[in-house]
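> Sequence:
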Amino acid sequence: MNWPTIIVASLVAIVFVVIVAFEVRKRKSGKGSCSCGASCGGCAGGCGCGCGNPEE
Numbered sequence: 001m002n003w004p005t006i007i008v009a010s011l012v013a014i015v016f017v018v019i020v021a022f023e024v025r026k027r028k029s030g031k032g033s034c035s036c037g038a039s040c041g042g043c044a045g046g047c048g049c050g051c052g053n054p055e056e
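Quick note, the sequence shown lines up with residues 1 to 56 if you use the working numbering.
No wet-lab data here; the hints were simulated from the structure.
A couple of the hints might just be wrong.
To be verified - DEER-style ranges, computed between Cβ atoms:
(1) 30 with 2: 42 to 50 Å
(2) 31 with 11: 22 to 30 Å
(3) 1 with 21: 23 to 31 Å
(4) 10 with 31: 28 to 36 Å
(5) 28 with 7: 27 to 35 Å
(6) 9 with 29: 28 to 36 Å
(7) 29 with 2: 37 to 45 Å
(8) 5 with 27: 42 to 50 Å
(9) 30 with 3: 26 to 34 Å
(10) 8 with 31: 25 to 33 Å
(11) 1 with 30: 37 to 45 Å
Don't be surprised by glycine CBs; every beta carbon is placed ideally from N, CA and C.
Please work from the sequences and hints to get the whole structure.
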């Protein structure tokens, strides 16, 4: 490997780690990844948060 390849690979790895850390922090704070924002009125159930589940 040459230096430009190592630098680009390192930058991609750093960006990946930052994104994962941001998502983990967001999930721990209770925000999660559900786009309906815990207000299931406008959610069709596709976000995986249980909104629109017919068993509710």
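> If I claimed the Cβ atoms of residue 29 and residue 2 lie 37 to 45 Å apart, would that claim hold in this structure?
holds (41 Å)
> Should the hint that residue 1 and residue 21 are 23 to 31 Å apart at their CB atoms be regarded as holding?
holds (26 Å)
> Does the hinted range 28 to 36 Å hold for residue 10 and residue 31 at CB?
holds (29 Å)
> Quick check: does the Cβ-Cβ distance between residue 28 and residue 7 fall within 27 to 35 Å?
holds (32 Å)
> Looking only at beta-carbon atoms, does the pair residue 8, residue 31 fall within the given range of 25 to 33 Å?
32 Å Cβ-Cβ, so the 25 to 33 Å window holds.
> I want to verify a distance hint. Is the separation of the beta carbons of residue 30 and residue 2 within 42 to 50 Å?
holds (45 Å)
> If I claimed the Cβ atoms of residue 30 and residue 3 lie 26 to 34 Å apart, would that claim hold in this structure?
violated (43 Å)
> Do the beta carbons of residue 1 and residue 30 sit within 37 to 45 Å of each other?
holds (42 Å)
> Holds or violated: 42 to 50 Å for the Cβ distance of residue 5 and residue 27?
The hint (42 to 50 Å, Cβ to Cβ) is violated, given that residue 5 and residue 27 are roughly 33 Å apart.
> Do the Cβ positions of residue 9 and residue 29 conform to the proposed distance bound of 28 to 36 Å?
About 31 Å separates the Cβ atoms of residue 9 and residue 29, which means 28 to 36 Å holds.
> So the hint says 22 to 30 Å: do the beta-carbon atoms of residue 31 and residue 11 match that?
holds (27 Å)
The structure is inconsistent with the numbered hints 8 and 9, although it conforms to all the rest.
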